[in-house]
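*Asks:* Protein chains in written order, with the working numbering: chain A, 1 to 313; chain B, 1 to 395.
Certain hints may be false.
Said to hold, decoys possible - Just so you have them, the derived chain B footprint on chain A, three or more residues with Cβ under 8 Å:
1) 46-55
2) 95-103
3) 194-204
Source of the hints: derived by calculation from the structure; they are not laboratory data. If you're wondering where the values come from, they're calculated on a predicted model, not measured in any experiment. Backbone N, C-alpha and C fix where the C-beta goes; we use that ideal spot for every residue, glycine too.
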Amino acid sequence: MTESVLFCRELRKRFGDLVAVDGVGFEIAAGETYGLLGPNGAGKTTTVSMICGLLASDGGEVTVAGRAIDPKATDAKVAIGYVPQEIALYPDLTARENLRFFGRLYGLRGSELAERITNVLEIVALDDRADERVDHYSGGMKRRLNIAAGLLHSPKLLVLDEPTVGVDPQSRNAILENVEKLAAEGVAVLYTTHYMEEAERLCDRVAIMDAGRIIAEGTRRELVDKLGEVDRVEIAGTGPLTKLARTIKSLDDVQDASASEGTVHVLVRGGRHVLPKLIELADRAGVGVTSVEVIEPDLEAVFLHLTGKALRD
Amino acid sequence: MRVALVVAGKELRQRFRDRTALLIAFVFPSVIAAIITGAFGSGFGAGQASFHVETAVADLDHSALSRAFLTQVLGSPQLRKQFTPHTFASADEARSFVNGHGGDVGFVIPHGFQAAVQNGGRASITVLKRSANTIVGDIGQAIATGFTDQVNAARIAVFTAVRAGAPIGDVGRLAREAAAQRMPVQLVDGSVATRDVSGANYFGPGMTMFFLLFIVGTGARSLYAEREQGTLPRILAAPGRQSSVLLGKGLAVLVLGLASMTTMYLVMAFVFHVHWGDPLAIGALTVLIVLALMAITTVVQTLAKTEMQAASYGSIVGMVLGLLGGNFFPLFQMPSFIQKVSALTPNGWALRGFTDIAYDGARLPNILPNIAAIAAFIVICGTIGVFRARRVAVA
Chain A
1 MTESVLFCRE LRKRFGDLVA VDGVGFEIAA GETYGLLGPN GAGKTTTVSM ICGLLASDGG
61 EVTVAGRAID PKATDAKVAI GYVPQEIALY PDLTARENLR FFGRLYGLRG SELAERITNV
121 LEIVALDDRA DERVDHYSGG MKRRLNIAAG LLHSPKLLVL DEPTVGVDPQ SRNAILENVE
181 KLAAEGVAVL YTTHYMEEAE RLCDRVAIMD AGRIIAEGTR RELVDKLGEV DRVEIAGTGP
241 LTKLARTIKS LDDVQDASAS EGTVHVLVRG GRHVLPKLIE LADRAGVGVT SVEVIEPDLE
301 AVFLHLTGKA LRD
Chain B
1 MRVALVVAGK ELRQRFRDRT ALLIAFVFPS VIAAIITGAF GSGFGAGQAS FHVETAVADL
61 DHSALSRAFL TQVLGSPQLR KQFTPHTFAS ADEARSFVNG HGGDVGFVIP HGFQAAVQNG
121 GRASITVLKR SANTIVGDIG QAIATGFTDQ VNAARIAVFT AVRAGAPIGD VGRLAREAAA
181 QRMPVQLVDG SVATRDVSGA NYFGPGMTMF FLLFIVGTGA RSLYAEREQG TLPRILAAPG
241 RQSSVLLGKG LAVLVLGLAS MTTMYLVMAF VFHVHWGDPL AIGALTVLIV LALMAITTVV
301 QTLAKTEMQA ASYGSIVGMV LGLLGGNFFP LFQMPSFIQK VSALTPNGWA LRGFTDIAYD
361 GARLPNILPN IAAIAAFIVI CGTIGVFRAR RVAVA
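Extracted from the complex, chain A is given alone in its bound form (with noise of 0.2 Å):
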């Protein structure tokens, strides 16, 4: 792994008796996304703040670029961008106005606030609406507008707090587009989200908290090997779908298969990569393949599995 932006480790913070975080710890390298997946009250929010420096930790420590962050660390801020879940905006000011302030706040002057200021109105497809005051925008404008306002400064961090909550899907899918982009460009983004397929989607990484801790890091993929979870590959065709059910049942890494209503299902670890033998030996047994559809485990699964709770309870 490159040099990381975020480094935290062994993050601490309770609110009376209640343990909000308790000893969170992970790294973010540039260019990389890194999700922070979990229930609403596990903790997401509160790590967020103590990494922004919104927050004083009861222990633990925050390094972003190499700078340690606490509320009292005003400079070292100036290399994170904090999209908070609220959409924290001005409604009575223009878009424009609402970026120039936060702009200023980071220390933007002139020509080169102007110009990150048309900059970010373009990322987010606002430039056409920058003069428009902020309460007539729709829901999905005010996040876009919302994001474009943590870009400003253009940050070696970018820390965004549930974007999405509330979002139309083209909105969504906008905001997706820009986190994606933002990473191919070098930007270290920890993304906290309780939607599983956003998390899949822009992920390089995902820690799952639940009751203040992480109890599981890793890619998507590791984290379906560690539960031993295995795909499910669907083949859809015409022929003798019950002899080739047969055939691939008696493969190593298959612990099932089996043909009903037209389709073979098979139960394998590492779908995907045995995905062209399947083929093969539909080929073999004279099958008309139609379709194939390789499902595998969602980390919805995975936190289920660690949990024993869904997601979004």
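Please build the complex by placing chain B on the supplied structure of chain A, with the hints as guidance.
*Replies:* Chain B in isolation, oriented as in the chain A frame:
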């Protein structure tokens, strides 16, 4: 400081955008100035033309001494603009003039008034008052008492001179000289009504301050608003100290508060010709009182949990401070208990200062006690307020 200025700029832009800045800084102070000047511009002032007393005088003595009351007291430069005498032949006619609402007060100088003085008796004047206008009646009583006290004092002086060996034939001359020498002094020093007091000088700052009590709390309240709309975390995530955010919000409110007070001064001075006194002293007092009101409302409002609650707390404190500090009623007309309690309010100290500057010509060194008292409020409440506001910010 950079962050504070950025925050202050944003606050002012928002206030101008929703026009509250225009209302706070220009419209309301101008309206207050117009209302106050119209209602109280001459409320206390012997020097103001609209304070006018129709005065019934029944001189039943027709002596040199009774004529002196008419010419040297009611006809004195200090009173003649306000008191218009109407002479009557009898006490009944004077009484019916006053009771018939034609007059505001009446004086009956009894037959034998001068003789009583010359013979060693006690001279007295009957004051006719209207029950509906007790203040003017009291002023009339004070004038009559002042005159008779002087006459009696002169009588004692003459009596003393004669006992000391002055010729008895000089009694009349001695009496006239004694009376003539003391009369002006008596009028200038002894009567509240002779001070050049304008109600506008008192109620202008008083009402604007009261108005500001509700305005200056917006700084603290906006913290709640920022927190509730989610912008506060984003600001605090930016480089800069929490105190810079608070300072920025405070600066914006200070600008609006000072603009409000300045507008009130200028409108009253240039449109309504109210004389304020030493501008340096007025300026110092204004800056300090705005800061003090900001500090005290910040303390109170940061005890709240929501913006709505903060607004309610601010209103309650505003009303209490306004009542105790004398913003509604002149302190010198209040019971002594309230006058003492007003020393616990910054607006009370400020109003005393404004009064001293306008009425007594006090300058900056003369109001240093007021400045010190208000500064103490700023330091104490400001320290607590900033501490409390930081807790609100990070909560």
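*Asks:* Would you mind marking each hint as holding or not holding in the structure?
*Replies:* Structure-based check of each hint:
1. 46-55: holds (count 5)
2. 95-103: holds (count 3)
3. 194-204: Not satisfied, violated; 0 residues make the cut.
The structure does not agree with numbered hint 3 stated previously, though it agrees with all others.
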